[in-house]
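**Q** Residue numbers (the numbering used here), protein chains in the order written: chain A, 1 to 306; chain B, 1 to 273; chain C, 1 to 393.
Hints are not guaranteed to be accurate.
[To be verified] Think about it this way: if two alpha-carbon atoms lie no more than 20 Å apart in a straight line, the pair counts; the simulated DMTMM-like pairs of lysine to aspartate or glutamate are:
#, chain 1, residue 1, chain 2, residue 2
1, B, Lys98, C, Asp84
2, B, Lys96, C, Asp86
3, C, Lys215, C, Asp198
[Stated by the list, open to error] So, partial list: chain B residues that the calculated Cβ filter (under 7 Å) puts toward chain A:
#, residue
4, Ala36
5, Pro143
6, Phe145
7, Asn205
8, Tyr208
[Claimed, not checked] Label pairs and their computed distance ranges (CB to CB):
#, chain 1, residue 1, chain 2, residue 2, range
9, B, Ile110, A, Lys212, 23 to 33 Å
10, B, Val11, A, Leu90, 48 to 58 Å
11, A, Ala166, B, Ala111, 23 to 33 Å
12, C, Gly30, A, Lys212, 53 to 63 Å
13, A, Pro199, B, Thr49, 31 to 41 Å
14, A, Ala163, B, Ser160, 50 to 60 Å
15, B, Arg186, A, Ile294, 28 to 38 Å
16, B, Gly60, C, Glu139, 53 to 63 Å
17, B, Met177, C, Glu139, 16 to 26 Å
18, B, Ala193, A, Ile294, 52 to 62 Å
19, B, Met177, A, Leu39, 17 to 27 Å
20, C, Cys148, B, Leu85, 49 to 59 Å
21, B, Arg186, A, Gly210, 26 to 36 Å
I should point out that these hints are in silico values taken from the structure, not numbers from a laboratory.
Bear in mind the structure is a predicted one, so any value in this text is a computation, not a measurement.
We put the CB at the ideal spot given by N, CA and C, even for glycine.
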Amino acid sequence: MSVIDPPLPRTSAVPMSRRTRRMMWRGFLFAAPAMGLLLAIYIIPVLVLAGFSVTDYQLGALSWGFTGFDNFARAFSDPVFLRALGNTALYAALVIPLGVGLALGVALLVHGRKRSRALWEVAYFLPVTSTLVAMATVWQFLLHPSLGPVNAAFRALGLDPVAFLADPHLLIPTMALMGIWQVLGFNMVLFLAGLTAIPKDLLEAARLDGAKSPLDRFLTVTWPMLGPTTMFVLVTTSISAFKVFEQVAVLTKGRQGSETLLYAIYLEGFEYAETGYASALTLIFLALVLIVSIGQTFKLDRKVHY
Amino acid sequence: MPRLTRYLPHVILTLGACVMLLPFYWMVLTAIRAPAEIFNISLWPIPETFSAGRNFAKVGERVPMGRFMLNGVIVCGGILLVQVLTAVPAAYALAKLKFPGRNLMLALVIAALCVPMQALALPLFVGLAKAHLLNTYFALMAPFFLSVFAIFLFRQSFRSYPDEIIEAARLDGFSEMEICWGLVLRASLPALAAFAIFSVVAHWNDLYWPLIVVRDTALAPPPLGMLYFSDAESGADYGALMAGATLVTAPMVICFLLARRQFIAGITMTGVK
Amino acid sequence: MQPNVEMPPRTPDANSPALHLQGIGKSFGGSTVLKGIDLSVKQGEFLSLVGMSGCGKSTLLRIIAGLETPDCGSLSIEGRDVTDVDPSDRNLAMVFQSYALYPHMTVRQNIATPLRMRRLSQAARLPVLGRLLGARGPELREIDAAVCAAAEVLQITPLLERRPAQLSGGQRQRVALARALVRDPVAFLMDEPLSNLDAKLRAHMRDELAALHAKLGTTFIYVTHDQIEAMTMSDRIALMEGGTIAQLGTPAQLYETPANLTVARFIGTPQMNLLPVEVDAGGSVNLQGRATGMHTSRSRGPAVLGLRAEDLHPDPEGWGAQVARIEQHGADRFVTLDMPQAEGGRIIMRQYAGAQNAAPGDTMAWSFAHARAHLFDADGNRRALHQRDQVAA
Numbered sequence: 001m002s003v004i005d006p007p008l009p010r011t012s013a014v015p016m017s018r019r020t021r022r023m024m025w026r027g028f029l030f031a032a033p034a035m036g037l038l039l040a041i042y043i044i045p046v047l048v049l050a051g052f053s054v055t056d057y058q059l060g061a062l063s064w065g066f067t068g069f070d071n072f073a074r075a076f077s078d079p080v081f082l083r084a085l086g087n088t089a090l091y092a093a094l095v096i097p098l099g100v101g102l103a104l105g106v107a108l109l110v111h112g113r114k115r116s117r118a119l120w121e122v123a124y125f126l127p128v129t130s131t132l133v134a135m136a137t138v139w140q141f142l143l144h145p146s147l148g149p150v151n152a153a154f155r156a157l158g159l160d161p162v163a164f165l166a167d168p169h170l171l172i173p174t175m176a177l178m179g180i181w182q183v184l185g186f187n188m189v190l191f192l193a194g195l196t197a198i199p200k201d202l203l204e205a206a207r208l209d210g211a212k213s214p215l216d217r218f219l220t221v222t223w224p225m226l227g228p229t230t231m232f233v234l235v236t237t238s239i240s241a242f243k244v245f246e247q248v249a250v251l252t253k254g255r256q257g258s259e260t261l262l263y264a265i266y267l268e269g270f271e272y273a274e275t276g277y278a279s280a281l282t283l284i285f286l287a288l289v290l291i292v293s294i295g296q297t298f299k300l301d302r303k304v305h306y
Numbered sequence: 001m002p003r004l005t006r007y008l009p010h011v012i013l014t015l016g017a018c019v020m021l022l023p024f025y026w027m028v029l030t031a032i033r034a035p036a037e038i039f040n041i042s043l044w045p046i047p048e049t050f051s052a053g054r055n056f057a058k059v060g061e062r063v064p065m066g067r068f069m070l071n072g073v074i075v076c077g078g079i080l081l082v083q084v085l086t087a088v089p090a091a092y093a094l095a096k097l098k099f100p101g102r103n104l105m106l107a108l109v110i111a112a113l114c115v116p117m118q119a120l121a122l123p124l125f126v127g128l129a130k131a132h133l134l135n136t137y138f139a140l141m142a143p144f145f146l147s148v149f150a151i152f153l154f155r156q157s158f159r160s161y162p163d164e165i166i167e168a169a170r171l172d173g174f175s176e177m178e179i180c181w182g183l184v185l186r187a188s189l190p191a192l193a194a195f196a197i198f199s200v201v202a203h204w205n206d207l208y209w210p211l212i213v214v215r216d217t218a219l220a221p222p223p224l225g226m227l228y229f230s231d232a233e234s235g236a237d238y239g240a241l242m243a244g245a246t247l248v249t250a251p252m253v254i255c256f257l258l259a260r261r262q263f264i265a266g267i268t269m270t271g272v273k
Numbered sequence: 001m002q003p004n005v006e007m008p009p010r011t012p013d014a015n016s017p018a019l020h021l022q023g024i025g026k027s028f029g030g031s032t033v034l035k036g037i038d039l040s041v042k043q044g045e046f047l048s049l050v051g052m053s054g055c056g057k058s059t060l061l062r063i064i065a066g067l068e069t070p071d072c073g074s075l076s077i078e079g080r081d082v083t084d085v086d087p088s089d090r091n092l093a094m095v096f097q098s099y100a101l102y103p104h105m106t107v108r109q110n111i112a113t114p115l116r117m118r119r120l121s122q123a124a125r126l127p128v129l130g131r132l133l134g135a136r137g138p139e140l141r142e143i144d145a146a147v148c149a150a151a152e153v154l155q156i157t158p159l160l161e162r163r164p165a166q167l168s169g170g171q172r173q174r175v176a177l178a179r180a181l182v183r184d185p186v187a188f189l190m191d192e193p194l195s196n197l198d199a200k201l202r203a204h205m206r207d208e209l210a211a212l213h214a215k216l217g218t219t220f221i222y223v224t225h226d227q228i229e230a231m232t233m234s235d236r237i238a239l240m241e242g243g244t245i246a247q248l249g250t251p252a253q254l255y256e257t258p259a260n261l262t263v264a265r266f267i268g269t270p271q272m273n274l275l276p277v278e279v280d281a282g283g284s285v286n287l288q289g290r291a292t293g294m295h296t297s298r299s300r301g302p303a304v305l306g307l308r309a310e311d312l313h314p315d316p317e318g319w320g321a322q323v324a325r326i327e328q329h330g331a332d333r334f335v336t337l338d339m340p341q342a343e344g345g346r347i348i349m350r351q352y353a354g355a356q357n358a359a360p361g362d363t364m365a366w367s368f369a370h371a372r373a374h375l376f377d378a379d380g381n382r383r384a385l386h387q388r389d390q391v392a393a
């Protein structure tokens, strides 16, 4: 066919026929409710949030002024916020490696089981579906210094009881313990899906190629093939770690220097009505989440296509 | 030695499972024990005096647990209904119809997927406060009416529906609504079921938003009710507290045990995008 | 309108064409797919749209169906302009390449769907409510009768309660046809309906489609890339290339008098032998510097001589070539001769199996039946060709 086609004769001056326009309207109408909600729930709030963050607005206040980047400057000299940031980082540093590593280990063990697989899935997945508020209350009881069975077991073994919920240094690790407990089953199921997707041929080929021990096979085939899954698991675990909230709300309410990022935002924004300042904190939180999830989008694009 | 390696995985898995299930076991055990047995740290499953009735009755006395559950059902049901009603046509339009702004909308949906709800809580709260809508069911549900995740998921699922069947249906005289709901969605029922589970679990267990917009006990969904209850009870009556926790946790756990496969598919759907 | 498929064939009305297309153009993105198509389809005609993939035949069919909107031009069905009418209001039935059966419905429900959509109100079609809103008994009985009649015609009555997933390719094909014919449309549109069947079934379904067309007398518009399907079933063929119709005519016309090289290449198996020739100042057609004894009235220059395999024969006085290969086809055989200057570097001669034998490597001299030769000019268009004595006379 020639590169340049002769211009088409047009029977009408209107560029779009009525039917084409009708079809476009139809598509538009189908998308319209969701578009409206997207505007109301995501787009406008994000803009408003950005607007708040450069003001000293307080909910209910009659006057407010533009303060530029003062809120952000204040955040990075606010000991409470810095502590919350540090606590969240510590929490994430515990939950991410353990929540992902243990889940991978359990998934590898469960993957080999044929008959008992359903049983293990139930046992490890049950915490994912449970209400964390209620389960945090249960954990509080389990870890109780005198009434809880955990410390009772320590005593029976001749160890000193551990003040999980009294020692300020142990508060965040204790919350991380609950976080790991809840996220483990979720990650395990994702890893199981990843493991199932690895073609059996590949493992057999590795065996023929001389990968004798299971560890060799894991390192030459399983681990590289799980790359995309691991990436995804790492990102979702990180984001859920940044959002840690329930444990603080149930166990300490932020006392003893145990605020986390989201709890600090909650206090500033909703308890103290410091809307402007809390908006700035929220933007910092959002930036953290976006850095991780955008990184994942790019990484996945490159890695997922083996 | 071969025997050991054969049973080692089971041993490790069993020990791990014990840790995973210990909280559930302890919760139920305490919920059926008499308060006097609170110092009994044995894990023996049969209590000396069976006090489940007393403990659960105590929950009912202290807080309107039935009301919390009802609130949970209303809020989760309302959210799911609107999510499906808005996301299905939008996903159909994005997957199968041509209209101006389609690519822009798709880009916005994908961008919105990265934004956690907690980041939008402040402006939404201010907006609802200005509209005098705090302390209502509407305030509990409104931020979740649009699920960009549902749009994304359904779009992926709808895209695989054959175009020729849609065209045959147009020739046969189906309206576009009938094609969307009657043909295309019907072929994606597993995705719908999985999304429904995902949505209900997420909102049944959510604490953050209810804590912000509801100050009225009568509107509290189960997690918020549980928080009220545990704050009020702090340390006094563990039997009743655990009975409350059992009640709050039970619906999702029972659903999970009944529909394990769909449940795991629903919760892990985030992993297939 | 009665949906009864046992109805006698419509009486073709010569005055108003079933379909009339005028100046239909369409482009997707930057590429033009259709360049102003004019086409008139007669009542009761079996018209095939053939061509290579990408020639625009499927797009044209989809524009007729209303699934695509043309950029320009107009389309009328039985005299009514339908350019702006939705597909469902055109009263056309379409059979898709993938059959497009509704996967969740039984065969019976699939066939009934076009009628339910037309006969029952929107409310009465609702899943549960429709039953309560009632007053649809008589319609349902009529629909069921029509479904049974259509199933009878296509011999799928025993399959009525199955679902599409439980059917073989050929059975699905029949269900798709039944769904199309149940509502007595103005025309059937078929988009490569046989391409997903195996060779044997395809040949069988060709017969059945032709028989069905004869029985119903309805207009068929049939898209295919397979010239054999087009040749065996059609009343007329529109051969398309590059968004235009290269030739419109009966199968015999396309075979006997291809209007251009595109048609000559496309129609006929084996493909027509094409040899470069020179037309000298006197109008004589020369092959390899030798006069062929053929004349053309137009100006001198290079041209292409087209010769069908069956029009070649051994001739000691003819042009020499080496036998490359002999293919036995039972009743006849194809002898491939090396001719480096011919299109494809070879020519094929069709012989009766009983003809004098040759072996690969032998040299064979050949000639052709002058009355059946075709000549195309440098632009690929057909040119008149005469034998010398005719010119002389």
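**Q** It remains to establish, for every hint, whether it holds in the given structure.
**A** Results of checking the hints against the structure:
1. B:Lys98 x C:Asp84: Between B:Lys98 and C:Asp84 the Cα gap is close to 17 Å, so the pair holds against 20 Å.
2. B:Lys96 x C:Asp86: holds (17 Å)
3. C:Lys215 x C:Asp198: violated (25 Å)
4. Ala36: violated (13 Å)
5. Pro143: holds (6 Å)
6. Phe145: holds (5 Å)
7. Asn205: holds (5 Å)
8. Tyr208: holds (6 Å)
9. B:Ile110 x A:Lys212: 23 to 33 Å: violated (45 Å)
10. B:Val11 x A:Leu90: 48 to 58 Å: 32 Å Cβ-Cβ, so the 48 to 58 Å window is violated.
11. A:Ala166 x B:Ala111: 23 to 33 Å: violated (44 Å)
12. C:Gly30 x A:Lys212: 53 to 63 Å: holds (58 Å)
13. A:Pro199 x B:Thr49: 31 to 41 Å: violated (58 Å)
14. A:Ala163 x B:Ser160: 50 to 60 Å: holds (56 Å)
15. B:Arg186 x A:Ile294: 28 to 38 Å: holds (36 Å)
16. B:Gly60 x C:Glu139: 53 to 63 Å: Once the Cβ atoms are compared, 56 Å apart, the range 53 to 63 Å for C:Glu139 and B:Gly60 holds.
17. B:Met177 x C:Glu139: 16 to 26 Å: holds (22 Å)
18. B:Ala193 x A:Ile294: 52 to 62 Å: Once the Cβ atoms are compared, 31 Å apart, the range 52 to 62 Å for A:Ile294 and B:Ala193 is violated.
19. B:Met177 x A:Leu39: 17 to 27 Å: holds (23 Å)
20. C:Cys148 x B:Leu85: 49 to 59 Å: With a Cβ separation near 39 Å, C:Cys148 and B:Leu85 fall outside 49 to 59 Å, so the hint is violated.
21. B:Arg186 x A:Gly210: 26 to 36 Å: Violated, at about 51 Å.
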